Amino acid sequence: MLNKVSWQQALLSPRAHGCWYALLALPFAGWVWAVFHDALGANPAEALSRSSGDWTLRLLCLVLAISPLRDLLKAPVLLRFRRSTGVACFVYAVLHLLCYVWFDQNLEINEIAKDLVKRPFIWLGMLGFVFMLPLALTSFNAAVRWLGGKRWQQLHRLVYVLPVFALLHFYWMRAGKNDFEEVWIYTLVLGVLLAWRVWGKGKTSPRN
Amino acid sequence: MLITQDQGFHHPYPSEITPPQVYAQRRSLLVHLGAAGLLASGAGAWAQSAAVPRPGKLAPLDAKVSALAGAQAKDNITTYKSASTYNNFYEFGTDKADPAENAHTLKTRPWTVEIEGLVKKPGSLSLEELLKLSAMEERVYRLRCVEGWSMVIPWVGFSLSELIKKVEPLGSAKFVEFITLADPKTMPYVGSRVLSWPYTEGLRMDEAMHPLTLLTFGMYGEVLPNQNGAPVRITVPWKYGFKSGKSIVKIRFTEKQPLTAWNKAAANEYGFYSNVNPAVDHPRWSQATERRIGEGGLFAKKIKTQMFNGYEAQVGQLYAGMDLAKNF
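Sequences listed follow chains P and Z, in order. Be aware that the first sequence starts at 1, since it is given in the numbering used here, and climbs by one per residue. Be aware that the second sequence starts at 209, since it is given in the numbering used here, and climbs by one per residue.
Next up, chain P with everything else stripped away, as it sits in the complex:
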């Protein structure tokens, strides 16, 4: 078994990052495989739309879990994976949005406008996406330099509002079937991760 220092050292290697990118791309690769093998079921558009939403939510959980995990495991190396995870979360959100505007609405702006009025959970999802934009657009190194570390960090605290939009979007979407089991699970996970920011930090790390 690897001891603590050696697994942290392994994560420092450039190859670790390559592996992490490959892992983050796995759901997407799975869809491509499924499309070509007719494995998405009777309604492929719906299957892709749901799966991309699921993965956005899962990656949001993951990105918010990195700081608590770093403290819990005393492994600062984990922070090296936070930005790429966040960017992946955004990429899956973009794909989720694309599924909606393309597969569901056929790129018809008028229909989307009508749909936004009809379905509150759609505009909640879109609002969540809007709050992701400044984070994604400032995710590269030059943006950190340009904004300065402190301002960059303040801006990126926006990530804490994303669970609210994501969960309301998911809750409202499931409300039609009174089927909230998964919604409560994600709420619990994200709730714990946000609660840690309020009550759990400070002892082992100065910020985040």
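Treat each hint with caution, since some may be false.
[Said to hold, decoys possible] In silico DMTMM-like cross-links for lysine to aspartate or glutamate, where the CA-CA straight-line distance does not exceed 25 Å:
1. Z:393 x P:111
2. Z:472 x P:179
3. Z:464 x Z:376
4. P:177 x Z:309
5. Z:458 x Z:489
6. Z:328 x Z:391
7. P:118 x Z:355
8. Z:509 x P:115
9. P:118 x Z:489
10. P:114 x Z:370
11. Z:265 x Z:322
12. P:177 x Z:336
13. P:177 x Z:391
14. Z:512 x P:111
15. Z:282 x Z:270
16. Z:472 x P:182
17. P:177 x Z:355
18. Z:534 x P:182
[Said to hold, decoys possible] To be clear about the criterion: a stretch of chain P counts as covered by chain Z if any three or more of its residues have a C-beta under 8 Å from a C-beta of chain Z, and this derived list gives those stretches:
19. 31–42
20. 55–63
21. 183–197
[Unchecked claim] Label pairs and their calculated CB-CB ranges:
22. P:188 x Z:305: 23 to 31 Å
23. Z:262 x P:161: 49 to 57 Å
24. Z:414 x P:130: 50 to 58 Å
25. P:130 x Z:472: 57 to 65 Å
Honestly, the hints are just simulated from the structure, not real lab data. Since the structure is predicted, the reported quantities are computational estimates derived from the model, not experimental observations. Cβ atoms here follow ideal geometry from the backbone N, Cα and C, with glycine treated the same way.
Position chain Z against the provided structure of chain P, taking the given hints into account.
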């Protein structure tokens, strides 16, 4: 036979024209049937054999092609795979893949349907008795789900009116209530808080007596798969799919309009009538278009939803003078 638009044989959409491969399948099926010696009944019998090839999964259920107006939709028939793996049957789970995975536990024999309420001949009918009650017909109906997707399915059964006539409803019977199976031992999600169980549905007497309302025992030339409502269900093609109760155990004749499962769960969203109507939106989404399952791949445009799901010529008069926005 007089063929008129009123009878539902008018097909303004090219999508309703049977594609050559489907037509060819019909031919090859006839050849097979002939080879099997099943075409013994002489001249004219060819016109009565089933329209779709059997998937070969379950016991065959012989039927003649229905000559009823509106009973042979010319749309492309949905694949058996899609029709039997993409289902709403909440007793087996709310995901549409759940019923196909979980419904194998459903025990469809022995099966009885209780007839009760305002009828001269109440009692209990076994599945065997029901199957013999009238000649089996194959009917190709469009199925429009309230969620905004649709399929085209060749059902096997006979008009519910055949059963209703046999049990002789009293003059006071104005509605028919359908009570479906709710067996927590075989249905894992009975007891979940999604709906109240058993799932019940209902029709006005004239709707139940309409010849298009089908007491359904099979699809694609075979008995119903469990996930599609075996061994006996209702199919009402001009209403949203949830009006067509599955795995029926009781039919009750009442004077008052019965409560229905979805109406109890969300009265402002699911009315008693729930006729397919592109002009009356669901409170939370548009009903103007639908995704036809299996047609055109990922980038296919949705198709326009038709008034009464395209059965206006047959059923429109049932609702003459009614405000359909109010009676949704």
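Evaluated hints:
{"no.": "1", "hint": "Z:393 x P:111", "result": "45 Å, violated"}
{"no.": "2", "hint": "Z:472 x P:179", "result": "16 Å, holds"}
{"no.": "3", "hint": "Z:464 x Z:376", "result": "18 Å, holds"}
{"no.": "4", "hint": "P:177 x Z:309", "result": "19 Å, holds"}
{"no.": "5", "hint": "Z:458 x Z:489", "result": "32 Å, violated"}
{"no.": "6", "hint": "Z:328 x Z:391", "result": "29 Å, violated"}
{"no.": "7", "hint": "P:118 x Z:355", "result": "14 Å, holds"}
{"no.": "8", "hint": "Z:509 x P:115", "result": "16 Å, holds"}
{"no.": "9", "hint": "P:118 x Z:489", "result": "9 Å, holds"}
{"no.": "10", "hint": "P:114 x Z:370", "result": "45 Å, violated"}
{"no.": "11", "hint": "Z:265 x Z:322", "result": "29 Å, violated"}
{"no.": "12", "hint": "P:177 x Z:336", "result": "35 Å, violated"}
{"no.": "13", "hint": "P:177 x Z:391", "result": "20 Å, holds"}
{"no.": "14", "hint": "Z:512 x P:111", "result": "13 Å, holds"}
{"no.": "15", "hint": "Z:282 x Z:270", "result": "21 Å, holds"}
{"no.": "16", "hint": "Z:472 x P:182", "result": "24 Å, holds"}
{"no.": "17", "hint": "P:177 x Z:355", "result": "11 Å, holds"}
{"no.": "18", "hint": "Z:534 x P:182", "result": "35 Å, violated"}
{"no.": "19", "hint": "31–42", "result": "holds (count 3)"}
{"no.": "20", "hint": "55–63", "result": "violated (count 0)"}
{"no.": "21", "hint": "183–197", "result": "violated (count 0)"}
{"no.": "22", "hint": "P:188 x Z:305: 23 to 31 Å", "result": "25 Å, holds"}
{"no.": "23", "hint": "Z:262 x P:161: 49 to 57 Å", "result": "56 Å, holds"}
{"no.": "24", "hint": "Z:414 x P:130: 50 to 58 Å", "result": "52 Å, holds"}
{"no.": "25", "hint": "P:130 x Z:472: 57 to 65 Å", "result": "38 Å, violated"}
In this structure, the earlier hints numbered 1, 5, 6, 10, 11, 12, 18, 20, 21, 25 are contradicted, and the remaining ones agree with it.
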